[in-house]
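Engineer: All chains should be built: construct the whole structure from the sequences, respecting the hints.
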Amino acid sequence: MAASAMDEVDLVLRTMAKTIVDNAVYFAELDSVVGDGDFGYSLRNGFEVVVSDYDTFDRSSAGAVLKKVGFVLSGKVGGVSGPIWGTAFLRASQAAGDKTDLTSADVIAILRAAVTGIMHRGGASLGEKTLLDALVPAIDTLEAGLARPEAAQDHGVAALQEAADVAVRAAEDTKPMLALRGRAAYTGERSIGSVDAGATAIGVILQSISAAWREKFHQRETGT
Amino acid sequence: MKKFVNDPRQFVPEMLEGIQLASDGRLKYEPKYNLIYRADMPKANKVSIIQGSGSGHEPAHTMIVGKGMLDAACPGDVFAGPPVEFVYETTKLLNSPMGVLHLVNNYTGDRLAFEQGREMCEADGIKVETLLVNDDVAVKDSTWTVGRRGVAGNFFVIKAVGAASEKGASLEELVRIGNEVIANVRTLGIALSSCTPPVKGTPLFEIADDEMEVGIGIHGEPGRQRTKLVSATEIVDIMLNAVVPDLPFKSGDEVALMINGLGGTTIGELYLLYGIAHKKLEAQGIKVFRSYVNEYCTSLEMAGASLTLLKVNEEIKGLLNEPAEVSIRVF
Chain S
1 MAASAMDEVD LVLRTMAKTI VDNAVYFAEL DSVVGDGDFG YSLRNGFEVV
51 VSDYDTFDRS SAGAVLKKVG FVLSGKVGGV SGPIWGTAFL RASQAAGDKT
101 DLTSADVIAI LRAAVTGIMH RGGASLGEKT LLDALVPAID TLEAGLARPE
151 AAQDHGVAAL QEAADVAVRA AEDTKPMLAL RGRAAYTGER SIGSVDAGAT
201 AIGVILQSIS AAWREKFHQR ETGT
Chain D
225 MKKFVNDPRQ FVPEMLEGIQ LASDGRLKYE PKYNLIYRAD MPKANKVSII
275 QGSGSGHEPA HTMIVGKGML DAACPGDVFA GPPVEFVYET TKLLNSPMGV
325 LHLVNNYTGD RLAFEQGREM CEADGIKVET LLVNDDVAVK DSTWTVGRRG
375 VAGNFFVIKA VGAASEKGAS LEELVRIGNE VIANVRTLGI ALSSCTPPVK
425 GTPLFEIADD EMEVGIGIHG EPGRQRTKLV SATEIVDIML NAVVPDLPFK
475 SGDEVALMIN GLGGTTIGEL YLLYGIAHKK LEAQGIKVFR SYVNEYCTSL
525 EMAGASLTLL KVNEEIKGLL NEPAEVSIRV F
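Read top to bottom, the protein sequences are chains S and D. Quick note on my numbering: the first sequence kicks off at 1 and runs consecutively. Quick note on my numbering: the second sequence kicks off at 225 and runs consecutively.
No wet-lab data here; the hints were simulated from the structure. For each residue, glycine too, the CB sits at the ideal point set by N, CA and C.
Straight-line Cα separation of at most 27 Å, DSSO-like style, residue types lysine-lysine; simulated pairs:
no.	chain 1	residue 1	chain 2	residue 2
1	D	Lys291	D	Lys541
2	D	Lys351	D	Lys267
3	S	Lys67	S	Lys99
4	D	Lys474	D	Lys541
5	D	Lys351	D	Lys391
6	D	Lys316	D	Lys391
7	S	Lys175	D	Lys364
8	D	Lys256	S	Lys68
9	D	Lys256	D	Lys291
10	D	Lys270	D	Lys316
11	D	Lys316	S	Lys68
12	D	Lys267	D	Lys256
13	D	Lys256	S	Lys18
14	S	Lys67	D	Lys256
15	D	Lys316	D	Lys291
16	D	Lys252	D	Lys270
17	D	Lys316	S	Lys67
18	D	Lys252	D	Lys267
With the Cβ distance kept under 7 Å, some of the chain S side facing chain D (calculated, not the full set):
no.	residue
19	Asp38
20	Gly75
21	Gly78
22	Tyr186
Structural biologist: Structure, rendered in structure tokens:
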């Protein structure tokens with residue numbers, strides 16, 4: 001993951017958007033256990049536009065395309081997800097700026113900026129049974145993995161897979177947590193025993209991105 | 225799922241189109257923002273009153289747009305607050321020199337959209353104030369949660385500020401009146417069955433034939449307690465025992481009493497509940513000033529009811545007694 005050019009930014013965003021659209025029903029079902037079941041469908045309203053209109057987006061820099069995604073989400077996504085995910089992309093956009101090649105350090109800074117935006121907008125912190133509980137440990141793992149010398153050889157393939165696996169486990173670990181944010185919080189102790197839908201979505205999205213990333217660099221190495 | 229529906233994802237737009245067409249020209253519809261608004265608004269001499277919320281609570285809020293009530297409603301999808309853009313564009317379109325009042329039921333999504341939307345409007349020089357409605361006693365208000373939910377009591381806030389705004393009240397005056405209502409209104413809901421959002425196609429939760437959910441939210445969020453179904457009188461006791469001590473409502477108080485149907489309960493059952501509640505309140509020395517028995521804020525086809533009490537003073541009584549017009553109801 002030494003220097004990510006714009007086609008790699010495209011790969012990540014397209015994969016993310018498609019994964020969210022494909023999993024809308026699954027995410028909504030997770031949300032209906034203690035929430036109100038709109039999470040997957042709300043996100044889909046925005047990300048399906050990202051899928052269909054991606055080719056028309058301004059992709060002159062990483063910041064430009066992240067900003068466009070943030071605007072689409074703020075315009076189309078209702079519920080809690082619109083402001084949360086929209087703010088995450090807008091903050092990520094500010095951190096990316098006009099760069100077209102992203103170093104490992106840039107990628108981590110962009111992800112950290114998104115996390116700060118989510119915390120600011122939602123007023124949530126770690127351990128409150130939200131998507132942060134999967135996202136933050138995944139970013140920590142990715143940062144540690146990218147710092148290893150092997151990361152330069154395999155383009156971060158192994159580090160990204162580790163991060164995705166950590167996200168899936170961390171999402172599973174939200175099960176015994178008491179929900180303190182969002183509509184799930186209204187159920188109090190009855191929120192215990194089911195996974196957080198947002199955290200689970202992060203795991204699913206990172207697994208898809210990791211698979212697409214491995215595919216891309218595997219193809220490049222084998223020349224297929 | 226067994227509903228009158230074409231493409232489930234077009235459920236909300238097709239419903240809104242029906243509302244506009246039924247209004248005989250008194251309402252306008254802007255499909256880009258799920259926006260239903262009074263054709264005669266904005267006006268220079270009246271504050272514009274806007275509500276967002278999700279769809280699926282009809283008649284709240286798109287069907288109670290009219291003179292003396294809301295001036296506009298821009299709901300999100302079924303059970304989802306509106307995107308920020310809906311709030312921003314609706315406020316711009318309804319902007320009045322007197323200002324714009326946002327009525328927000330206290331849910332995280334609605335709050336975030338309206339906070340961000342208000343920031344964007346204020347950057348454009350639009351004068352905006354916000355009222356947060358939080359009448360649901362089922363939620364324990366702690367420092368952790370976003371606080372109590374806004375449910376059927378929202379109607380009284382709309383009615384009071386809607387009436388005052390028709391008489392030319394300033395934005396600041398409406399905020400004072402609205403907060404007076406919010407401080408004195410309390411609700412508890414009980415569900416007997418689940419509900420099915422059209423896009424989801426399956427019930428939001430399962431509930432057995434002999435069970436009820438006490439403290440249900442208006443989005444099918446589970447309440448605080450699942451118990452065996454009991455008699456109507458015992459259900460009214462549960463409701464009053466949660467609502468009355470919460471304010472508390474005391475002997476000598478005058479109240480508006482609302483029995484609100486959640487969508488799938490007959491009007492007959494609602495009046496049955498009303499009668500029991502009315503007698504029990506009077507026995508406690510609490511005088512019913514005015515009754516409200518109907519569907520005001522529903523959760524799709526959920527069977528169930530909520531009980532709302534509003535403690536009234538002379539000012540609020542006057543505002544509740546003012547005429548109001550709901551553009552699509554014709555008698």
